[in-house]
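With the hints as constraints, model all of the structure from the sequences given.
There are 2 protein chains.
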Amino acid sequence: MLGIFISFLLATSATAIWPKPRLVQNGTTRIVLNSNTYGFKALTSTVELEDAFRRYKSIFFPHATEPVPDPSNNGLVVDILDPTAALALGVNESYTLDVHLDGTTFIAAKTVWGALHGLETMSQLVDFNFATGQYSVSGVPVHIEDEPRFQHRGLLIDSGRHFEPVIHVKALLDSMSYAKMNVLHWHLTEDQSFPIASRVHPELAAKGAYNDFEQYTWQDIVDVVKHARLRGIRVIPEFDMPGHTSAWRKSHPEIFAEGCLTESSRGAFDPAKNETFDFLQATLKDWAEIFPDLFLHLGSDEVPSGCWNNSKDLAWMKTMGFANTSEVFNYFVNRMAAISTKLGRQTIFWDEAFLFAKPPQDAVIQNWHDASLMQKIVDAGYRAIFSSNGGYTHGWYLDGLAATWDNMYVLEPLTNISADKEKLVLGGEGCMWGEGVDPSDLEFTVWPRLAAIAERLWSDRSVNSTVEAQPRLEIFRCQLLARGVHSGVVGGNGRSPPPGPGSCTQPGKTEEQLFV
Amino acid sequence: MLGIFISFLLATSATAIWPKPRLVQNGTTRIVLNSNTYGFKALTSTVELEDAFRRYKSIFFPHATEPVPDPSNNGLVVDILDPTAALALGVNESYTLDVHLDGTTFIAAKTVWGALHGLETMSQLVDFNFATGQYSVSGVPVHIEDEPRFQHRGLLIDSGRHFEPVIHVKALLDSMSYAKMNVLHWHLTEDQSFPIASRVHPELAAKGAYNDFEQYTWQDIVDVVKHARLRGIRVIPEFDMPGHTSAWRKSHPEIFAEGCLTESSRGAFDPAKNETFDFLQATLKDWAEIFPDLFLHLGSDEVPSGCWNNSKDLAWMKTMGFANTSEVFNYFVNRMAAISTKLGRQTIFWDEAFLFAKPPQDAVIQNWHDASLMQKIVDAGYRAIFSSNGGYTHGWYLDGLAATWDNMYVLEPLTNISADKEKLVLGGEGCMWGEGVDPSDLEFTVWPRLAAIAERLWSDRSVNSTVEAQPRLEIFRCQLLARGVHSGVVGGNGRSPPPGPGSCTQPGKTEEQLFV
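Going line by line, the protein sequences match chains R and C.
Residue numbers for the first sequence follow UniProt numbering, so the first one is 1 and each next one is one higher.
Residue numbers for the second sequence follow UniProt numbering, so the first one is 1 and each next one is one higher.
Derived from the structure by calculation, the hints contain no laboratory data.
Among these hints, one or two may not hold up.
No copy is singled out in the list; a pair is fine if it fits within one copy or between any two copies.
Okay, derived cross-link-like pairs now, BS3-like style, lysine-lysine, Cα gap no bigger than 30 Å in a straight line [unchecked claim]: (1) Lys250 - Lys509; (2) Lys358 - Lys273; (3) Lys170 - Lys509; (4) Lys509 - Lys207; (5) Lys57 - Lys207.
Laid out in structure tokens, this is it:
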């Protein structure tokens, strides 16, 4: 059968899939799908698949159409080898997708999580013809074999600097699944606010949130984690520490270093007290019940270590034999990593923990400074996540508005990584820091640039031509819009409004350019 | 009973309602609502109310909570005098709302459309307390009597310059209902594109749309009109003509004046041919089936009347005794108004039809030039809709990004209108022209500024202090965010990103302002 497939670039949706699959083989036939009878069936039904079928039915077929006779009774069948495989780092996400000439569609996957990606790919193949009112797939028979290059494909959002109501976080998770992203890195607490409920210390949010309503209830978090899981997305919470913690200070100044206790100073936890670690362990143990993922992000960036330059901490440092604050930082990082281990978690730290401390070898280091650090991190034997800010112009920091999609697209996490260390690069993240985004402009700033990162992390390393990618990305952006996502235009800086009238694939032209 | 109410400004949600009701009387008690048992009941059930109950249940109670004992079995009862009153210009939209000390809520309205506003007001009274996990209403007993000042409270969107997928139009309708807006003025066709299906002339969209997918199917329009109606919003379609029509020319150059037939020229319909009017009548008759509203907007702005300066049209003008193109324009306007009448519709025209022609007296004139025109329009006996662009800085053009919410708020449609002519001012509209907005930034640009217009059109004329309004508007903006609307911050120009970290009520401060 495979012999009759012709693999070449067709100007159809079959070759416009984003992110680009590993292998696409196309025929030349256009087949019609009957939206009124097209069925979704799992050989072994799971809760996740049934939920996905419900979602994708309306994504495949967004327009109401008149029923038409359908002798073929076509539909989609999903077969999963291990329907119970848990969503976790490194779970098999591969799938194969076949669309046959009779309209039947077959998705085979090792796990539910791979099957979800197959459904997403299929959804991008279905076109609607306004003239005939019919749904169709071009380039049939279609045979696709696909799997991600990296295990960790994430987006960081920062709900500490601006609160993002649950409805917006869920919408963002929906949009991430369209690009096959699988990690929401949820930076939950900051100097500015503390929006997440704690059962053991409810006063943290009561006093640390911006106000009485910009908070997540316990059940809200459960709800978001479930929403994410149904879309194959792990939620990794970040509780940044020992710096970026001033909002904790509003209710618990006693665990803060005395050097920075005023409201207008950036505080740091006090590592001299066992009380501090007992407190943190109690809160993290509580939260571990709603964040089931193996990984816990404990920050460690931009520590205002000057806070430890006070008589009490200096005396304690002497007792401990610490010569400087770097040694204090190292102590803090390792003691927190031990707590994380006790809670059954592995810890992710920002790259300061690698630069200025020596965390345990099972820690994961997230690179945000210069990209060249990646090589050093893996050469030291640590696993690494790539999210270099690239000077805010050539990195994966989405708050760097001067960083364009194509700048992000060509960044390669494996640059200068030796072959034997490649396995240590888990993947990467786009980082949507919250200083200048809130629900007004969050999606607008994230998309379509996150799509560039998503393809870099999913597709083969050889898929790196911005010229080839651009028309596909423009179509993907149109699909995002049709699904309700507020994606910006392709081209220009981050968050560029359309410069003039135009279609969703074009940035637009001014009236003067359109009409003389 | 009324005697015990104390009417004064409480710092509670009961006085933060947007737009401000005509009369609010408050007690001083805070009562708890049990979200698990709170019921919604209509004394006479209607489809619209049942749908609204479903929506508002999740708006009243957005967070999942643990069931608690509820001896009071409180809930909301709606009583409607005329449940069959059709949604139309001038329908009674008044309501009264009473929240009693035992938690029962009573909404009385003349029509379903008034009752919907009562539900919206009640939704703005319900607070969630994160510490206790309880919903409550403060200032009980609450007695509110409310009705709009103007009958026509609209938003214009422009789907001709950028296509807005149905899912975005529906989201916008949802958000409009939160501000008690009741008209979507849907500018559907433009020089740039023709996105709407026509059953009699499908080639109009097939050739005039930007592409194969940025189009509305017939069923899409039906779906949007129904979605709007369920929220008390009339949909008034605009088919702008005789100018702003170049996208029609792609399939039907034969109804265009020969003076402007090239692709790069802005075209104008040819009034010299009966064929033109026959064609337009056929298309409008078709669309009349899916746009049930009494009003049809036929544009008439910015006519490139130079297109009529060609030998054929000049010869025809001679035959007709027309001295200039103004007389041609007048002929076109009146002939189209006659077609509209034949289709059972009344016509709305932009103010050029008043300035340069003499439409029939039952036409409605929409003012977009200087606000001073309003007086002239009503003095000439026409009904008027206010949407002056105010030089794009002090008007109701939302694409005028320099126009701030407070500039919009203080504009009064009845300025210089004599008392006996006030009835002729139907209301006003915020105009979100589409050159620089598409789904990426549409809501971000519309909100919160449209809220300023909404309150001007709903509340008493005396409610005009920006100082009093601002904290209420900030709370309303937070409510919009919590409901999934992408509203910009209060303050600054249109579409200003938050300048730094902060709560939803505050524009934000830079890191440097927050921490020394």
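Now the hints, each set against the structure:
In this homomeric assembly, Lys250 and Lys509 come within 30 Å of each other (Cα to Cα) only across copies, at 19 Å, whereas the closest approach inside a single copy is 51 Å. When the C-alpha separation of Lys358 and Lys273 is checked against a cutoff of 30 Å, the pair qualifies only within one copy, where the shortest distance is 21 Å, while the shortest distance between copies is 84 Å. In this assembly of identical chains, Lys170 and Lys509 lie within 30 Å of each other by CA distance solely across copies; the values are 27 Å between and 33 Å within a copy. Taking identical chains as interchangeable, the C-alpha atoms of Lys509 and Lys207 lie at most 30 Å apart only when they sit on different chains, with a minimum of 19 Å there against 49 Å within one chain.
With identical chains, the CA atoms of Lys57 and Lys207 are at most 30 Å apart between copies only, with a shortest distance of 29 Å across copies and 44 Å within one.
The structure shown violates none of the earlier numbered hints.
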